[in-house]
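Asker: Now for the letters of each chain:
2 protein chains.
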Amino acid sequence: MLTRIDHIGIACHDLDTTVEFYTSTYGFEVTHTEVNEEQGVREAMLRINGTSDGGSSYIQLLQPVREDSPVGKWLARNGEGVHHIAFGTADVDGDAQSIRSKGVRVLYDEPRTGSMGSRITFLHPKDCHGVLTELVTSATEH
Amino acid sequence: MLTRIDHIGIACHDLDTTVEFYTSTYGFEVTHTEVNEEQGVREAMLRINGTSDGGSSYIQLLQPVREDSPVGKWLARNGEGVHHIAFGTADVDGDAQSIRSKGVRVLYDEPRTGSMGSRITFLHPKDCHGVLTELVTSATEH
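So the protein lines, in turn, are chains A and B.
For the first sequence, counting from 1, position 26 maps to 26 in the numbering used here; every step adds exactly one.
For the second sequence, counting from 1, position 113 maps to 113 in the numbering used here; every step adds exactly one.
Since the hints were derived computationally from the structure, they do not count as laboratory data.
A hint or two may mislead.
Simulated DEER-style distance windows between Cβ atoms [what the hints assert, rightly or not]:
(1) B:Thr23 <-> A:Asp14: 31 to 41 angstroms
(2) B:Gly103 <-> A:Thr33: 24 to 34 angstroms
(3) B:Ser98 <-> A:Ser98: 38 to 48 angstroms
(4) B:Lys73 <-> A:Thr31: 31 to 41 angstroms
Backbone N, C-alpha and C define an ideal beta-carbon position, used for all residues, glycine too.
Isolated chain A, as found in the complex:
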């Protein structure tokens, strides 16, 4: 069951400049940074609020580390902006299976590693009214 908006993923050309914008303009704080080589991104997580399922909602800022990564290609085509949205669940495997059975394309056969040790998968944007949609089970949930 999807129980929270886990994060909004925003693609940017320069992570440091964009982090500076989000922290100085809004007063948000960076709570985590990492490089995800598999996804081809450098990223910063800014925790915005706690959620009623015991999790959190984040802004995730993403800078591609190579042009041929999915985020790199997306950025070249669209420019900076919202790249994806993510719903949190305690059971990414079960929810992915259930959603696949409804005819929505799930991009990975098995969930992969996301931010902060989470397990993630993505739904095809063409099956989701144009929205690249991630499902995420946080490290503390799995």
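Place chain B on chain A using the hints.
Answerer: What follows is chain B alone, placed relative to chain A:
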């Protein structure tokens, strides 16, 4: 102070079809619908979770009621997808003033009426790394 992700605004061609997708695929429920003539949209709010500031996070589905509305023009240019993101605050007036003083363009001189009796304003996407960003004070906060 911005204390939550209040909602993600998603533009769609047909509200009923898109609501059906979000409810049947994810199990979300529509908690509110309205027509906002000033913004030129029919909308459905799906409450996803409560937030640690006492508010909620929603998915907001938006169908333009006329082609020359901001959402109508955006949809013609971009197709369906994430139109804006919104941060919640108890003081939209103060936060808008503070953010304007940092050189970010605020689109309204005074906040206008948003979903469910909220007071809202928008920040120019070109000043926000490509993200149309809304600030919202809910009806129970003002």
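Asker: Next step is simple, just say for each hint if it's right about the structure.
Answerer: For each hint, the structure was consulted:
The supplied range of 31 to 41 angstroms is met by B:Thr23 and A:Asp14, whose beta-carbon atoms lie about 39 angstroms from each other. Separation of B:Gly103 from A:Thr33 is about 26 angstroms and conforms to the stated range, judged on CB atoms against 24 to 34 angstroms. At about 44 angstroms, the beta-carbon gap between B:Ser98 and A:Ser98 stays in the expected band of 38 to 48 angstroms. For the hinted restraint 31 to 41 angstroms between B:Lys73 and A:Thr31, the CB-CB distance of approximately 36 angstroms keeps it satisfied.
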